[in-house]
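With the hints as constraints, model all of the structure from the sequences given.
Residue numbers (UniProt numbering), protein chains in the order written: chain A, 1 to 558; chain B, 1 to 558.
For chains that are exact copies, the list does not tell them apart, and a pair is met inside one copy or across any two.
For lysine-lysine, the following DSS-like pairs were computed, each having C-alpha atoms within a straight-line distance of at most 27 angstroms:
| hint | residue 1 | residue 2 |
| --- | --- | --- |
| 1 | K107 | K219 |
| 2 | K219 | K540 |
| 3 | K241 | K107 |
| 4 | K540 | K232 |
| 5 | K241 | K540 |
Simulated from the structure, these hints should not be mistaken for lab results.
Protein chains: 2
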Amino acid sequence: MTYKSDIEIARAAVKKPIAEIGAKLGIDNSHLLPFGHDKAKISEEFIKSLEGKKDGKLILVTAINPTPAGEGKTTTTVGLGDGLNKIGKNATICIREPSLGPCFGMKGGAAGGGYAQVVPMEDINLHFTGDFHAITSAHNLLSAMLDNHVYWGNEEQIDIRRITWRRVIDMNDRALRSIVASLGGVANGYPREAGFDITVASEIMAILCLANDLEDLQKRLGGIIVAYRRDKTPVYCRDIKADGAMTVLLQQAMQPNLVQTLENNPAFIHGGPFANIAHGCNSVIATKTALKLADYVVTEAGFGADLGAEKFFDIKCRKAGLEPSAVVIVATIRALKMNGGVAKDALGNEDVDALVRGCANLGRHIENIQKFGVPAVVAINHFVSDTDAEVQAIKDYARSVGAEAILCQHWEKGSEGTIELANRIVEIAESGESNFKPLYEDDLPLLGKIEKIAKDIYRADKVVIDKKIENQLREWEAAGYGNLPVCMAKTQYSFSTDPNLRGAPTGHAIPVREVRLSAGAGFVVAVCGDIMTMPGLPRKPSAEAIHLDANGEIQGLF
Amino acid sequence: MTYKSDIEIARAAVKKPIAEIGAKLGIDNSHLLPFGHDKAKISEEFIKSLEGKKDGKLILVTAINPTPAGEGKTTTTVGLGDGLNKIGKNATICIREPSLGPCFGMKGGAAGGGYAQVVPMEDINLHFTGDFHAITSAHNLLSAMLDNHVYWGNEEQIDIRRITWRRVIDMNDRALRSIVASLGGVANGYPREAGFDITVASEIMAILCLANDLEDLQKRLGGIIVAYRRDKTPVYCRDIKADGAMTVLLQQAMQPNLVQTLENNPAFIHGGPFANIAHGCNSVIATKTALKLADYVVTEAGFGADLGAEKFFDIKCRKAGLEPSAVVIVATIRALKMNGGVAKDALGNEDVDALVRGCANLGRHIENIQKFGVPAVVAINHFVSDTDAEVQAIKDYARSVGAEAILCQHWEKGSEGTIELANRIVEIAESGESNFKPLYEDDLPLLGKIEKIAKDIYRADKVVIDKKIENQLREWEAAGYGNLPVCMAKTQYSFSTDPNLRGAPTGHAIPVREVRLSAGAGFVVAVCGDIMTMPGLPRKPSAEAIHLDANGEIQGLF
Numbered sequence: 001m002t003y004k005s006d007i008e009i010a011r012a013a014v015k016k017p018i019a020e021i022g023a024k025l026g027i028d029n030s031h032l033l034p035f036g037h038d039k040a041k042i043s044e045e046f047i048k049s050l051e052g053k054k055d056g057k058l059i060l061v062t063a064i065n066p067t068p069a070g071e072g073k074t075t076t077t078v079g080l081g082d083g084l085n086k087i088g089k090n091a092t093i094c095i096r097e098p099s100l101g102p103c104f105g106m107k108g109g110a111a112g113g114g115y116a117q118v119v120p121m122e123d124i125n126l127h128f129t130g131d132f133h134a135i136t137s138a139h140n141l142l143s144a145m146l147d148n149h150v151y152w153g154n155e156e157q158i159d160i161r162r163i164t165w166r167r168v169i170d171m172n173d174r175a176l177r178s179i180v181a182s183l184g185g186v187a188n189g190y191p192r193e194a195g196f197d198i199t200v201a202s203e204i205m206a207i208l209c210l211a212n213d214l215e216d217l218q219k220r221l222g223g224i225i226v227a228y229r230r231d232k233t234p235v236y237c238r239d240i241k242a243d244g245a246m247t248v249l250l251q252q253a254m255q256p257n258l259v260q261t262l263e264n265n266p267a268f269i270h271g272g273p274f275a276n277i278a279h280g281c282n283s284v285i286a287t288k289t290a291l292k293l294a295d296y297v298v299t300e301a302g303f304g305a306d307l308g309a310e311k312f313f314d315i316k317c318r319k320a321g322l323e324p325s326a327v328v329i330v331a332t333i334r335a336l337k338m339n340g341g342v343a344k345d346a347l348g349n350e351d352v353d354a355l356v357r358g359c360a361n362l363g364r365h366i367e368n369i370q371k372f373g374v375p376a377v378v379a380i381n382h383f384v385s386d387t388d389a390e391v392q393a394i395k396d397y398a399r400s401v402g403a404e405a406i407l408c409q410h411w412e413k414g415s416e417g418t419i420e421l422a423n424r425i426v427e428i429a430e431s432g433e434s435n436f437k438p439l440y441e442d443d444l445p446l447l448g449k450i451e452k453i454a455k456d457i458y459r460a461d462k463v464v465i466d467k468k469i470e471n472q473l474r475e476w477e478a479a480g481y482g483n484l485p486v487c488m489a490k491t492q493y494s495f496s497t498d499p500n501l502r503g504a505p506t507g508h509a510i511p512v513r514e515v516r517l518s519a520g521a522g523f524v525v526a527v528c529g530d531i532m533t534m535p536g537l538p539r540k541p542s543a544e545a546i547h548l549d550a551n552g553e554i555q556g557l558f
Numbered sequence: 001m002t003y004k005s006d007i008e009i010a011r012a013a014v015k016k017p018i019a020e021i022g023a024k025l026g027i028d029n030s031h032l033l034p035f036g037h038d039k040a041k042i043s044e045e046f047i048k049s050l051e052g053k054k055d056g057k058l059i060l061v062t063a064i065n066p067t068p069a070g071e072g073k074t075t076t077t078v079g080l081g082d083g084l085n086k087i088g089k090n091a092t093i094c095i096r097e098p099s100l101g102p103c104f105g106m107k108g109g110a111a112g113g114g115y116a117q118v119v120p121m122e123d124i125n126l127h128f129t130g131d132f133h134a135i136t137s138a139h140n141l142l143s144a145m146l147d148n149h150v151y152w153g154n155e156e157q158i159d160i161r162r163i164t165w166r167r168v169i170d171m172n173d174r175a176l177r178s179i180v181a182s183l184g185g186v187a188n189g190y191p192r193e194a195g196f197d198i199t200v201a202s203e204i205m206a207i208l209c210l211a212n213d214l215e216d217l218q219k220r221l222g223g224i225i226v227a228y229r230r231d232k233t234p235v236y237c238r239d240i241k242a243d244g245a246m247t248v249l250l251q252q253a254m255q256p257n258l259v260q261t262l263e264n265n266p267a268f269i270h271g272g273p274f275a276n277i278a279h280g281c282n283s284v285i286a287t288k289t290a291l292k293l294a295d296y297v298v299t300e301a302g303f304g305a306d307l308g309a310e311k312f313f314d315i316k317c318r319k320a321g322l323e324p325s326a327v328v329i330v331a332t333i334r335a336l337k338m339n340g341g342v343a344k345d346a347l348g349n350e351d352v353d354a355l356v357r358g359c360a361n362l363g364r365h366i367e368n369i370q371k372f373g374v375p376a377v378v379a380i381n382h383f384v385s386d387t388d389a390e391v392q393a394i395k396d397y398a399r400s401v402g403a404e405a406i407l408c409q410h411w412e413k414g415s416e417g418t419i420e421l422a423n424r425i426v427e428i429a430e431s432g433e434s435n436f437k438p439l440y441e442d443d444l445p446l447l448g449k450i451e452k453i454a455k456d457i458y459r460a461d462k463v464v465i466d467k468k469i470e471n472q473l474r475e476w477e478a479a480g481y482g483n484l485p486v487c488m489a490k491t492q493y494s495f496s497t498d499p500n501l502r503g504a505p506t507g508h509a510i511p512v513r514e515v516r517l518s519a520g521a522g523f524v525v526a527v528c529g530d531i532m533t534m535p536g537l538p539r540k541p542s543a544e545a546i547h548l549d550a551n552g553e554i555q556g557l558f
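The structure is reproduced here in structure tokens:
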């Protein structure tokens, strides 16, 4: 049997006009800002009009620790959304916008797969509705105004050695990681070390995804720390008077984007912060809007549940007052076998023993989710090479740890493949058994929060932290930032900080190398490993093969 | 009497849905790619379907040398377009897209003024339909792939000291003019000098504005020279294999943008190359599409006629095979008085003598336009402070040099204010008296072209050029680039290279400081003065005051 490629399936999709998709959610066409005939933004006015309406139920899709075998979190989010619609529920999904830059490095988009995709996939993966370009502009306006402030007299007494605000670009460009700027003489300013991150790593991306509305957005932008003065006091974005113009640049980007799935169900795609130095979830405004318009909203978090779900709960839900009703943990048999020690090229062979060994990783995530008080179900994202014995082995394992694993075939069959999962999720959500609470209280000291996550979620024995870093945390507490949640930046491949330690390791230590204050976004980042905020291109970038064919269709992107 | 501000007038506009504006031109809604309800791109398929249709008449709006007093070229372009519609003609306009960056430096947009504006002015001045963001992405993808090529082995033997392709950003950011990139160790590449220009200065902007279609676009992108090898041979964009992916990024940006005037007449706004190192006209594809859809197309060129009209004729019309029917030279009494030696703060006083002295500048432009075989009319863009005696003095002056000056009051009255001009333009266009020919033939040597422009248009006695630069031109001729037109980069404030030499100077010399080959765009730039391709922000950037008011409306931008 041969299967169609993702792009073939996406191109064969019969899309409905976006006005019809909006109408499904009760949005009048006048409140949709169209981008082409298949994408739209939802007006601020309409979103405001929803205040006081009852919320639907929120379902989080997360996963085991990622492996090169792939898990299919977005695909399952799309599949479950379609499945809920299939069984008669008014459901929608909320996912992140992909970044443009990485598309030119490695092949592959981020719009689901098989018969569980969102469309138009080319647009979504490229410029989409311009949100990331707006974030890039707003970020770099602040950078330019900052250097301009120094140039024209430096009234704020900024220490140019302590400018923390870098520049961004939505491109994989290693040459810009570390630069010296303002060279070339008096007219170009004061030479200093600087650099670029990729746009998704911008604190503005995190802010856009956590802000409730434009007023809140501007307030948070104003609170970004951009530099320190000679006397070590922080210089805020609002001191540079950039927050108003940045908000203007972001006005439209704050409006959630509406597209559709292959089955013509509404889908929100909005915002896409990094999942290491930021919280890795789509925007609060999209999730909240979706909850007002649908009875079921399926959303996803970045990386595995140790990072993604924890941040979804402790950062996004805490700040936005969201109450998730259920969690779906996506696992594939291939990925579990890798967790059980099988090499990538042997994944096609049945290996129940390795699978069961790898299930330790799944079991750990199931246990962890329980700590947040939200019921979890395992979704087995089916691959055509999976054997019946392997599927049965996961189901048995799940039952042995008091959970349930459901086979899902949305990749091959669309919503038909997730009916069982959808029914189970409705049952759980309607039972009201979820009793969500974050892992820690706001008033736990910052180091206490880091230790709590390290011990309860990563199952580390201890946190290793330098006195200097500990003092930094204390200073921030003294400055009034002690009530912020922490955002852990560590490898997504393991519960530990060693990416090669698969399965369910214990007894390890979590070294905190550095801490960063994202005062505008409202969290403290604990960096526990090498964190790359500007990727490079590979030896043979996929861009070399990307082109338009004779029919004007994009080739080589997927 | 008090007048409403441009922004007040623009916000009071009763816009029609863009589908209705498209319908006026015979474009079916399915061929319009909407961006909101008031902006759209026109599909490639529709543009292709127009092949073979008869062209309308093309009218160029140009101006005397600009002064701080303002001339109102865009305003007059809009006013004349509305005037032509008013007298029953099927007319449209084609103007350039403004750049985002400079909006945050000095106050002021670029969408006309008074009752002769295009709307929505906020969008047009900010992200609009994302064209400039797409150009920025395509440009920087090539930059990243170039450094990446060097990083992974440098198969093409690129001399990193001779990389000519810089990076771009749509922001006034002097700190990025001159940088050292790839610092920070082995993982970040080979340190080298680099820098950023503002996006409108990108050769890709010029290419987008000269390309006939996507195929032509990719061919021209491929022909960009990005660096030289150790053996001094050029490295092309196509050697780096970036042209395909860049075309994909620019696919949508190549589609012309449709908006409307305050009087609900269709307006094309597409592309905006620099008018010094590039040719300063809106895209060929917009102009050609407009000519297929309207009987009259009014367009504008950058700066004064010495630079703007010359490049419009010798670069754009030559390359695109356009045949303009008439030229409008815009002058204001205030600007002519400045040319006659009046200081800016004394412009409010009647001064017929100074005006007549300043008319020498106007007279020179009238003479110059005749060299291209196209009939010209002077439009006096009326200011409320102008006196009757002053208006009469220009009319008399124009008559004395065998031309005609018509008073235009579109700023105050919209199309009612340009009826006389519109009627006269129709008369000229229908008489068929235009007999357009470029100033020089393709096969004139490059230096000969520079000399021809310097002598015939700038009225210089001579061109001063270094032997080294002359040899460079000969080398390009030997390499097959001798048939390209030249693009003069000099001050817009004078016929000479001295910005303070107003009026109609003679006897000066034109020093060619540097020549640059824009091999993709297809012209040779002769740099005759300080050319700034990355502006800086002023001491008090307008961005400091830009913000959203309580109604979500943008304040401080205009």
